[in-house]
Amino acid sequence: MRPFTFERAASPEQAVSAFAAQPRARYLAGGTNLVDLMKLGVETPEHLIDVSRLPLNEVATTQEGGLRIGANVRNSDLAAHPAVCRTYPALSQALLAGASGQLRNLATTGGNLLQRTRCPYFQDTSAPCNKREPGTGCSAREGANRDMAVLGYSEHCVATHPSDMAVAMAAYDAEVEVLGPEGARTVPAAEFHRLPGDTPEQDTVLRPGELISHVTLGPPPEGARAAYRKARDRASYAFALASAAAVLAVDEGGTVRHAALAFGGLAHRPWRARRAEEALIGARADAQSVGRAVDAELAAARPLSENAFKVPLARSLAVTLFTRLAENPTSPAGT
Amino acid sequence: MIPQRTATSSTLTLHVNDTAHAVTVDHRATLLDVLREHLDLTGSKKGCDHGQCGACTVLLEGRRANSCLLLAVAHDGAHVTTVEGLGDEERPHPLQQAFHERDAFQCGYCTPGQIVSGVGMLCEAAEGHPSHATPAEALGHSTGAPARLNRDEIRERMSGNICRCGAYPHIVEALEDVAEDGSQAQRAQRAPRGSEVPA
Amino acid sequence: MAVTETTEGVLGAPALRREGRAKVTGTARYATEHTPPACAYGWPVAATVAHGRVTGIEDGEALAIPGALAVLTHENAPRLVEPDDPTLFLLQNDRVPHRGWYVALAVAETLEAAREMARTVRVGYDEEPHDVLVAADHPDLYHPEWANGGYPGDQHSGDFESAYAAAPHQLDATYGITPLHNHPMEPHASTALWEAGHLIAYDSSQGASTVCQVLAAMFDIEEKQVTVVAEHVGGGFGSKGTPRPPVVLAAMGAQHTGRPVKLALPRREMPAVVGHRAPTVQRLRLGARDDGTLTALQHDVATHTSTIKEFVEQAAVPSRVMYGADGIRTGHRVVRLDVPTPSWMRAPGEAPGMYALECAMDELSFSLGLDPVELRLRNIPETEPESGKPFSSHHLADCLREGARRFGWERRDPRPAARREGDLLLGTGVAASTYPVIVAPSTASVQSMGDGTYHVRVNATDIGTGARTVLAQVAAQELGVALDAVRIDVGSSDLPQAPLAGGSSGTASWGWAVHKACRELRESDGSIVTVDTTSDVEAQEDYARHAFGAIFAEVSADTVTGEVRVRRMLGVFAAGRILNARTARSQFIGGMTMGLGMALTEHSSLDARLGGFVQKDLASYHVPANADVPDIDAHWIEEHDPHLNPVGGKGIGEIGIVGSPAAIANAVHHATGRRLRDLPLTPDRVGVLG
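Protein chains in written order, with UniProt numbering: chain A, 1 to 335; chain B, 1 to 199; chain C, 1 to 690.
Among the clues, some could well be false.
In silico contact screen, one side only, chain A against chain C (beta carbon under 8 Å); selected entries [said to hold, decoys possible]:
(1) Gly41
(2) Glu43
(3) Gly143
(4) Tyr237
(5) Gly254
(6) Thr255
(7) Arg257
Derived list of chain B stretches under chain A, where covered just means 3 residues or more per stretch with a C-beta under 8 Å from a C-beta of chain A [said to hold, decoys possible]:
(8) 13-24
(9) 45-59
(10) 116-123
(11) 128-134
(12) 139-146
No lab work stands behind these hints, which were simulated from the structure alone. We put the CB at the ideal spot given by N, CA and C, even for glycine.
One chain only, chain A, in its complex shape (with noise of 0.2 Å):
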């Protein structure tokens, strides 16, 4: 690890100006995975700013009648807030299946949206990766890859990204506020994280010296339900083979009026599957109709040697919490 000089930020608009004064700074919140990564050798800032202490940390009902997420709540508070649980049960329930007990209690909103992907590759800096280091080459297409992607991946990179919280708040429309040297804006979450394409190096749509402040949600569609589900190795402390989010609101005939999906572990970001959820509005949300839906969402899926396990999985994921949702009105999620 490099050393590196220190400052604790007093305010979240003078750590982006200490960013500013500082080319190779780095944010430090809860740190679960910029420590990791300093450890490796895949990060290494000259300067830390401590933005962990900021006054961002409340979970706060907006106007609209949605939340307004402070970037600094931690993972385990955000799953146990009795709005969150009650409101928004699929993003309770994507973070409890993230991490360990003890990572939540670290791990903060913010942080846990700009984590970097774990592809064994990226993590070793003896091995080619174009996200580590821009044209050195993908380890990971033609290696191990049954973790990798299957949806969106480039020539370039392969990695898919590792939140299980990421996938809710896309399904759930939330939107990342940022705070940078020319001032605030607000970004969808399900367009926060990037497609690799030619700069694989970028996971994210921030630019240089942005702090993310807070993550929004809207109010959820009125009557929706919501659950998150996610396919593991072993049952607990691992990260997603494939995971879904959905939400769904039904018409009292049993119709389709809101549908939204993201699957988790497929993709370099959460992906949120349009295609799908418009062949869904307006249908019935049973086994057939979901399953078509989300056949031709899965049909640009190019998998690679070791993980065409993941479509099959991705499908069998999006139908079960459709359905299950559609079948159980009354419960706030349907599993």
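Position chains B and C relative to chain A; hints supplied.
Okay, now just chains B and C, sitting in the frame of chain A:
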């Protein structure tokens, strides 16, 4: 003290097990390494150094945390409880006693982390935190009331602590023993902080 | 002196671990938890190519780091006498036999500086082509003369081909297991210092006597000039059975810098340098009569070893022990690849071999329409099949019957894919387990302190087995005193020499010596006795000695995701006399848990292009977590075997893992109807079942 912008080390105060320690640390030093190498508190273990095993678990401001991922410099003034602060050989914490009696370990290397994690976990449950094992129904009607811990709940909540010897069934039994008298565990964890003395 | 009534039953009692209080309160100190004055820190530098030579090392940037003390390389490191184990001949030449091989060592005043030094050392390589992938048809496979454990590589009795060809029922199936990693929770670690030519090493080891001997030879000093302390050891599971790189590097670093040096392996570097269970491709061919009795049995194993050391995972060996047949052929083929050197991992040979054999038996029972417990009962041999030797004791049938009774096996519907509970398919499976009885010569001493207390000294190692406790029980029983009248010291090479904690042999080997010392003390007039059991061990009668067991498992397979989880597991073992009911139970369920990991979660692979292991850390190599492990239960048969050793135990550290993977895999077939022969049974392999 406020670290200087050009320095790569800082002097700070850590309140560990009710004792204040003034330490000068390399910014790169983790809380785990400061505990083990500077303060000779070697009860917190280094199993993976990357938050993947839980052997380094301490209570940070009363909440369980992986000390291998905490940069000490970012925790100036923090209150930390390690396994040594829960009890000693003469007066062990009830969970330490339960681990011994249930034979909830073999090699013992993950054990301090398991025990500290268990104390933190019982507190989280008392505060109404749900888990992945909490049924969706219960989650949807969350009131913040204390969570009831059946074996599935304990297993899930303790899954951030890896034990390669495979003592899990006994670990669950030890936690059941203490969870049945949850107030005892919380009292021990919430003990008032004692006088602070310079290191 | 006779055994008094008050102490009768000391042996076998569920005594609490003697070091238990120290472990639960954090005062038990492990290898790097001793910090001598002026202690420095070491951090190794691993090769980033799979095969080649080091052409140059630039350490200028590293040495300019504040706190830097030295960078040791093959050009400046202390010269070592070449050891028998080539994996310890470190920094002595420019050769890189595999990715992850250590090519330099950074030493600094602080841990932080040492790590940064290691990151900034620049190593140049002359790369050569590499090959890291074993396959059953690899052209360079050869038949080794010996497999691990001193077993002949190939062996046969009767005429397998004729028996197989004539068999009315045949099974031909191939099973695969990926490399597996021991991953004890304490990384391999050492603190080494030199004091006036005397080397002291606190080492995380399963046997300090061996480490002492090896270090003395490598550094060309007398064994009495070396002290190795292994007081508390955070697990090993075979990977600390002999010295590993940290103790050699720390000792070299200390010699080079004149400072004590502390060094713990980074977790992700462990797979490359501490040994691993080699991958196996195992072909089983079984021939059987209509009644299920075997007529032909072939077990062929293909595996890998490194280019610097031949280690052959003896996976075909249990097929020489378990079942009789007219024709038996067992053999190993191995290929030398540019891979890290494989070594011992809990039940080498038996764990992977019994997975294949016991799955094949399950497949045979299914095709015969015969209950799998019954099939095994019909094939228990009278004498050891390959050797013809009588068994010292053999209670597999009792284990199977007792396990079936406790598990509720008689209520089982044999049809596969016939039980559903919501999204879950449920199934049960069974497998037999076995492990050989191994015992090695040991020394020990006991002293009467004159106040009714006794002091036992033996360089046993307690890697989590409870050795201190059980050996004190052995001594108390034999001396006829209360347990707390016995003080015991273990874990230092300055104590009477003893063999390692491995091969499930520790307690029998050390216990024999402790027992003998106590008996001789009782019969002598003196106050102290030191004994050696070499002649006793050599005088053993010629029996086939094996522990046996039966494992039962119930699994659920999620039709939505293909996730398999164990619901319950039961093991019943016949392992001689159980010396401490509490710690024995822990070892049995611990072994079964590792078997669960082998079956369902633990997966490693070698990258064909880069040449190293891919799953190097604990986030990608999935050791079972608490949520994976249900209520595992272990029981044992009271087995009195007069042909063992005076203590009467067969060894229990490894038999729990053996059989567990097969029981689980067989249960997966019963649940899903899918016969998946390659472990682990992760969702990518099981697939969506809906």
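Task: Numbered hints the structure breaks, given as an ascending list - done: As far as the earlier hints go, 2, 5, 6, 7, 8 are violated by this structure, in ascending order.
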